Amino acid sequence: MHQADGIPPRGPGGSTRLATSRTLPLETHDLGTFDDLVDLVSGGGVVVLSGAGLSTESGIPDYRGPDGTRRVEPMTYGEFAGSSDARRRYWARSYIGWQRFNAAEPNEGHRVVTELQRSGYVDSVITQNVDGLHQAAGASDVVELHGSLDRAVCLTCGEVTSRLGLHERMTEANPGFMERFAEAAAAVGSQWGEQVRPDGDIVLQDSLVESFHTPRCLVCGHDTVKPDVVFFGESVPKTVVEQCFSLVEAAGAVLVLGSSLAVMSGYRFVRRAHQRGVPVAIVTRSATRGDAEATVRLHAPLGSTLTQLRGALGH
410 MHQADGIPPR GPGGSTRLAT SRTLPLETHD LGTFDDLVDL VSGGGVVVLS
460 GAGLSTESGI PDYRGPDGTR RVEPMTYGEF AGSSDARRRY WARSYIGWQR
510 FNAAEPNEGH RVVTELQRSG YVDSVITQNV DGLHQAAGAS DVVELHGSLD
560 RAVCLTCGEV TSRLGLHERM TEANPGFMER FAEAAAAVGS QWGEQVRPDG
610 DIVLQDSLVE SFHTPRCLVC GHDTVKPDVV FFGESVPKTV VEQCFSLVEA
660 AGAVLVLGSS LAVMSGYRFV RRAHQRGVPV AIVTRSATRG DAEATVRLHA
710 PLGSTLTQLR GALGH
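Its first residue numbered 410, the sequence shown is counted upward by one per residue in the numbering used here.
Certain hints may be false.
[Said to hold, decoys possible] Pairwise CB distance ranges (calculated):
(1) Arg-685 x Gly-642: 28 to 38 angstroms
(2) Gln-652 x Gly-487: 21 to 31 angstroms
(3) Ser-616 x Glu-658: 48 to 58 angstroms
(4) Val-447 x Leu-627: 46 to 56 angstroms
(5) Ala-596 x His-622: 18 to 28 angstroms
(6) Leu-627 x Gly-452: 47 to 57 angstroms
(7) Gly-441 x Arg-625: 28 to 38 angstroms
(8) Leu-440 x Leu-573: 24 to 34 angstroms
(9) Cys-629 x Val-447: 46 to 56 angstroms
(10) Glu-619 x Ala-701: 46 to 56 angstroms
Just so you know, these hints were derived from the structure itself, not from any lab. These figures come from a predicted structure and were not determined experimentally. We treat Cβ as the ideally placed atom computed from N, Cα and C, and that holds for glycine.
Model the full assembly from the supplied sequences, consistent with the hints where possible.
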């Protein structure tokens, strides 16, 4: 095990669907102190559960407002699977948005999680994010609860392809599309980089969508290629859920970073930890669905809080 800079190694020591979410209370209160967080993490065996809030400092916005309601309505699995027009709309918007999404880099929060893992405090990471930034920061043993935008899969034949390769094919099939979008955006005074969503989607004018050629599977020829992520209304694979439950049940503690826990796909792991007596620490800017199960609850910015945590563990 490699020692991370600034942190000494630690001493010995069935699936649901992404659907209905809970509206969270606006009023929030801390539970415990920063020192309590340090004590919890210093015991080791930590499983990190990360959400979209961890990636906002990398320029990828969260879906939800402070009360837990969604700022935008993402496309559902039923819409995508059931309509060629919906797939065209998704891929046209994703073609633009993914370029900014793909350029995002890990922030200090991602880097600290990696350092904590290399120093023996964190065992594994369960992430609700699909951006791959934990891995880009060097983390290992990362479970992608909702999949990854790095891949695409055909719903008809199951063929898996890289998102980069798919993007190159869409570029060839849609010459000049980016230029037409830039002209349309300039005409209304908007900048597309400010509108990217957590899944790489983006707001796009209907006239541009209608001209877009949807990517087709190179194996079966159908236009049913889908990003390899769990859409709202789609089930998280049972094997992934069981893997996460096993990690949580064996953990010394669960550390939630930047997740509102508004959907059951993430909240169930906090609930299971609480049921099994595994302490839970939550660090986010606003209320979460799991606050009642938390041992330590801090409402604070992630980057600076994790940087302070690194310093505290380094002494």
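So, going through the hints one by one against the coordinates:
1. Arg-685 x Gly-642: 28 to 38 angstroms: holds, 29 angstroms
2. Gln-652 x Gly-487: 21 to 31 angstroms: This hint holds: roughly 26 angstroms between Cβ atoms.
3. Ser-616 x Glu-658: 48 to 58 angstroms: Because 52 angstroms falls inside the window, the suggested range holds.
4. Val-447 x Leu-627: 46 to 56 angstroms: Given a distance of about 51 angstroms, which is inside 46 to 56 angstroms, the answer is holds.
5. Ala-596 x His-622: 18 to 28 angstroms: holds, 23 angstroms
6. Leu-627 x Gly-452: 47 to 57 angstroms: Cβ of Leu-627 to Cβ of Gly-452: about 50 angstroms, so the range 47 to 57 angstroms holds.
7. Gly-441 x Arg-625: 28 to 38 angstroms: violated, 53 angstroms
8. Leu-440 x Leu-573: 24 to 34 angstroms: violated, 43 angstroms
9. Cys-629 x Val-447: 46 to 56 angstroms: Roughly 54 angstroms apart at Cβ, these two residues keep to the hinted range, so it holds.
10. Glu-619 x Ala-701: 46 to 56 angstroms: holds, 48 angstroms
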